[in-house]
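Here is how the chains run, residue by residue.
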Amino acid sequence: MQVDIIITLRESILDPKGKASRHALENLGFREITEVRIGKFIQLEIDTDDPGEARKLAEQACEKLLANAVMENYEIRIPDNA
Amino acid sequence: MPQLRHREPDITPELAREHGLTDDEFVKICDYLGRTPTFTELGVYSVMWSEHCSYKNSIAVLKTLPRTGPGLLVDAGEENAGLVDIGHGLACAFKIESHNHPSAVEPYQGAATGVGGIHRDIFTMGARPIASLNSLRFGSMSEPRVRYLLDGVVKGIADYGNSFGVPTVGGEIYFDKSYEGNPLVNAMSVGIVKQGETASAIAEGVGNPVLIVGASTGRDGIHGATFASEEISEASEAKRPSVQVGDPFTEKLLLEASLEALKTGAIVGIQDMGAAGISCSSSEMSAKSKTGMHIDLDKVPLRESDMSAYEILLSESQERMLIVAEKGREHEVMDVFAKWDLNAVVIGEVIDSGRVVYLRDGEVKADIPADSLVLGGGAPVYIRETAKPAYLEITGTTDLSPYIDVEDLQDTMLQLLKSPNIASKRWVYEQYDHMVRTNTVSGPGPSDAGVVRIKGTNKALAVATDCNGRYVYLNPRKGGQIAVAEAARNVVCAGGRPVAITNCLNFGNPYKPEVYWTFKEAVGGMGDACDMLQTPVTGGNVSFYNENPIGAIFPTPVIGMLGLIEDCEKHTTPAGFQSDGDEILYVGASRSGIDGSEYLAFIHGITAGDAPDMDLEFEKRLQKVVLEAIRDGMVASAHDLSDGGLAVALMEKAIFSDKGAQIRLDLPGQSATEQLFSEAQSGILLTVKPANLDALQLFLTEQEIPVHHLGTVGGDQLIIEEIAELPVSQLKDIYEWIIPEAVSQVQP
Numbered sequence: 001m002q003v004d005i006i007i008t009l010r011e012s013i014l015d016p017k018g019k020a021s022r023h024a025l026e027n028l029g030f031r032e033i034t035e036v037r038i039g040k041f042i043q044l045e046i047d048t049d050d051p052g053e054a055r056k057l058a059e060q061a062c063e064k065l066l067a068n069a070v071m072e073n074y075e076i077r078i079p080d081n082a
Numbered sequence: 001m002p003q004l005r006h007r008e009p010d011i012t013p014e015l016a017r018e019h020g021l022t023d024d025e026f027v028k029i030c031d032y033l034g035r036t037p038t039f040t041e042l043g044v045y046s047v048m049w050s051e052h053c054s055y056k057n058s059i060a061v062l063k064t065l066p067r068t069g070p071g072l073l074v075d076a077g078e079e080n081a082g083l084v085d086i087g088h089g090l091a092c093a094f095k096i097e098s099h100n101h102p103s104a105v106e107p108y109q110g111a112a113t114g115v116g117g118i119h120r121d122i123f124t125m126g127a128r129p130i131a132s133l134n135s136l137r138f139g140s141m142s143e144p145r146v147r148y149l150l151d152g153v154v155k156g157i158a159d160y161g162n163s164f165g166v167p168t169v170g171g172e173i174y175f176d177k178s179y180e181g182n183p184l185v186n187a188m189s190v191g192i193v194k195q196g197e198t199a200s201a202i203a204e205g206v207g208n209p210v211l212i213v214g215a216s217t218g219r220d221g222i223h224g225a226t227f228a229s230e231e232i233s234e235a236s237e238a239k240r241p242s243v244q245v246g247d248p249f250t251e252k253l254l255l256e257a258s259l260e261a262l263k264t265g266a267i268v269g270i271q272d273m274g275a276a277g278i279s280c281s282s283s284e285m286s287a288k289s290k291t292g293m294h295i296d297l298d299k300v301p302l303r304e305s306d307m308s309a310y311e312i313l314l315s316e317s318q319e320r321m322l323i324v325a326e327k328g329r330e331h332e333v334m335d336v337f338a339k340w341d342l343n344a345v346v347i348g349e350v351i352d353s354g355r356v357v358y359l360r361d362g363e364v365k366a367d368i369p370a371d372s373l374v375l376g377g378g379a380p381v382y383i384r385e386t387a388k389p390a391y392l393e394i395t396g397t398t399d400l401s402p403y404i405d406v407e408d409l410q411d412t413m414l415q416l417l418k419s420p421n422i423a424s425k426r427w428v429y430e431q432y433d434h435m436v437r438t439n440t441v442s443g444p445g446p447s448d449a450g451v452v453r454i455k456g457t458n459k460a461l462a463v464a465t466d467c468n469g470r471y472v473y474l475n476p477r478k479g480g481q482i483a484v485a486e487a488a489r490n491v492v493c494a495g496g497r498p499v500a501i502t503n504c505l506n507f508g509n510p511y512k513p514e515v516y517w518t519f520k521e522a523v524g525g526m527g528d529a530c531d532m533l534q535t536p537v538t539g540g541n542v543s544f545y546n547e548n549p550i551g552a553i554f555p556t557p558v559i560g561m562l563g564l565i566e567d568c569e570k571h572t573t574p575a576g577f578q579s580d581g582d583e584i585l586y587v588g589a590s591r592s593g594i595d596g597s598e599y600l601a602f603i604h605g606i607t608a609g610d611a612p613d614m615d616l617e618f619e620k621r622l623q624k625v626v627l628e629a630i631r632d633g634m635v636a637s638a639h640d641l642s643d644g645g646l647a648v649a650l651m652e653k654a655i656f657s658d659k660g661a662q663i664r665l666d667l668p669g670q671s672a673t674e675q676l677f678s679e680a681q682s683g684i685l686l687t688v689k690p691a692n693l694d695a696l697q698l699f700l701t702e703q704e705i706p707v708h709h710l711g712t713v714g715g716d717q718l719i720i721e722e723i724a725e726l727p728v729s730q731l732k733d734i735y736e737w738i739i740p741e742a743v744s745q746v747q748p
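Protein chains in written order, with this note's numbering: chain C, 1 to 82; chain W, 1 to 748.
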């Protein structure tokens, strides 16, 4: 079963990459783009048919490795079963 | 938190307590103000009177340290960093600072912002950082969490330092269980400035504009108490205090812009923003000049527009500075910052009322006598209760005799080389750029101190950090003395004259009498050594509350020593063997006692005894005489004896050079175990060309420094007659692989 994970920096955390990208976009003429926040998209293939189980495993993977709980939020999406 | 901007909690002694203020302190605040503080004022007092900003529990003790000397251009604590005359019309600004607690929570960013913060302290004085060092302490590497912290901290230091473009030229790492859960991350920066071009953290000239420059302000690092009020305590994710994130490229711009703006002459005063951000910089600058500031927080560039006065004042967003400019010339400053793509905004002006006044939404949110906030002014000063720790009775009377004369010394030597405290830290320092700017003469690794050329002169700086926390734990006073003496010895071995120190004092909770006793003793010991070696203290930093559930960390007063090499080409001295046929001399005190040694700790699992022996008066003579011998060109290499004693010093000299040696151990009196593994202080291994052997021995003897001819460099084995025959390649394998293997071990 495929599981998608979106990891973003928590709201108040400075995002130097986002900041630099926003600045570069502005220099390219994208004046309407006022904010850029950069996160990660992770796709897992989990060997189970149970969406609950898949979600649980993905959550553990995020807590232990994929996301930095001190600074980041993660959102788990199960495309077939959202 | 839009609520917080318009609805503030009621001020009660309870809320003050949640802000870390005692009831007495709360009463004192009400006295200073003549009324109950506002919520914003309470927040400002709480950070300004925190240990970090006010040094309230340490300043009385710190004042006992020797803080003046011939070369010092500013007194300790007067400016952001110490400033030392290094000749040629140049001065060196240097300081060390801790970032322990942020690194325990988020190792990468904690360490990165530690590096950024200390560099800002240096360039805010107008000096360009030319070198950095790091002193790190971790728990045992068998713990996965420790490996995670180590990896994060080292990457954080490397990424920030390498991006910012300052070489990391030295430092040290120790591992001990006492640091588990509470790593120490101390970062040191060293910079150069022309005398007369230094900047000051002052706010003179009523009517002069106050500018905030650099990055925008966000909710970084605002202390947990912000969220203490009832209304907003629904513990949502986003309401937790935010980890500060470093942005080294912005810091690089800020460095160049600040130095360029200082050259315009339009800047009256400048201070970097670290802990307590705008509140700290504005009140300290005002208090120093006996002026005040009127600041409109609505004008501060914000990352999130709904921030309250409280949050803006307490934000610890990185890469920012506060500047007081000459009235009418502020545009010269703003133009420079605009050129570097950085904010530079006038947010207020200098006033003469002695108060700092902060407005938000057109309303006065805080109006405080600046002097009442700061160290040396109204901030509390405490001398805490002391009690000699009970453990000293046990460690001091432990019988070490079973370990003082053991069999199989060769195997013990090999085992000792496997201690992570001794093994090569190449895995760490190879992540750091130590050559950027190309002035590095000796980087981390095979030299007792980092050596950096001073461009345009034939001089160099030799810098080292040092502290053996185990020694300080076993005998705080002697341990404090040794930390200074050994840092100085490292500088001497590299060919430099020790000039002055900065220090980072890492201790447990000062409200525990045992911790405070240790603190006072250790600082006393540092003072003894600084007096004797004539290396005054130029400033530094105190970090208390370094504890984990088992107890306090080893008391760890890290010393950052600055030394000056008069002739970089001729005097810079390596640690490893140089040429086959060179003669090896042991110079210094007798190798007696295994107290507090790495041998006891690592081989036998025992932390006991006294701190190793040291006679400060002898130490001073030894350093002076060895430096003289180096300057006279008689010395081919020099390496001081420290962790692991003579055995490790010999093995290291061999490993550094891929050369063996033939040694006969016949130091008078002691057992072979002691001769090899004692960490008695005041010992140096020198090598000398055969042609200079007699002259050097004669010189040392004339100076009444004991000298023993141990043997000769050569071959591919380290041979100690009747004790060990060790192929250098085998030593090297062990030495180089211990740390990489420990780091990469997989969780079972």
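No wet-lab data here; the hints were simulated from the structure.
Yeah, the Cβ is synthetic: ideal placement off N, Cα and C, and Gly gets one too.
Please note that the accuracy of each hint is not assured.
Unchecked claim - Okay, the calculated beta carbon distance ranges per label pair:
id, chain 1, residue 1, chain 2, residue 2, range
1, W, Arg145, C, Glu45, 28 to 36 Å
2, W, Lys263, C, Ala24, 28 to 36 Å
3, C, His23, W, Trp737, 53 to 61 Å
4, C, Glu59, W, Glu143, 35 to 43 Å
5, W, Arg426, C, Ala20, 46 to 54 Å
6, W, Gly362, C, Ala20, 29 to 37 Å
7, W, Pro380, C, Gly52, 34 to 42 Å
Unchecked claim - Partial chain W-side listing against chain C, Cβ under 8 Å, derived:
id, residue
8, His101
9, Val105
10, Glu106
11, Gly218
12, Arg219
13, Asp220
14, Arg303
15, Glu304
Of all the hints given earlier, name the ones this structure violates by number, lowest first.
-> The structure breaks hints 3, 4, 5, 7 and 8; every other hint is satisfied.
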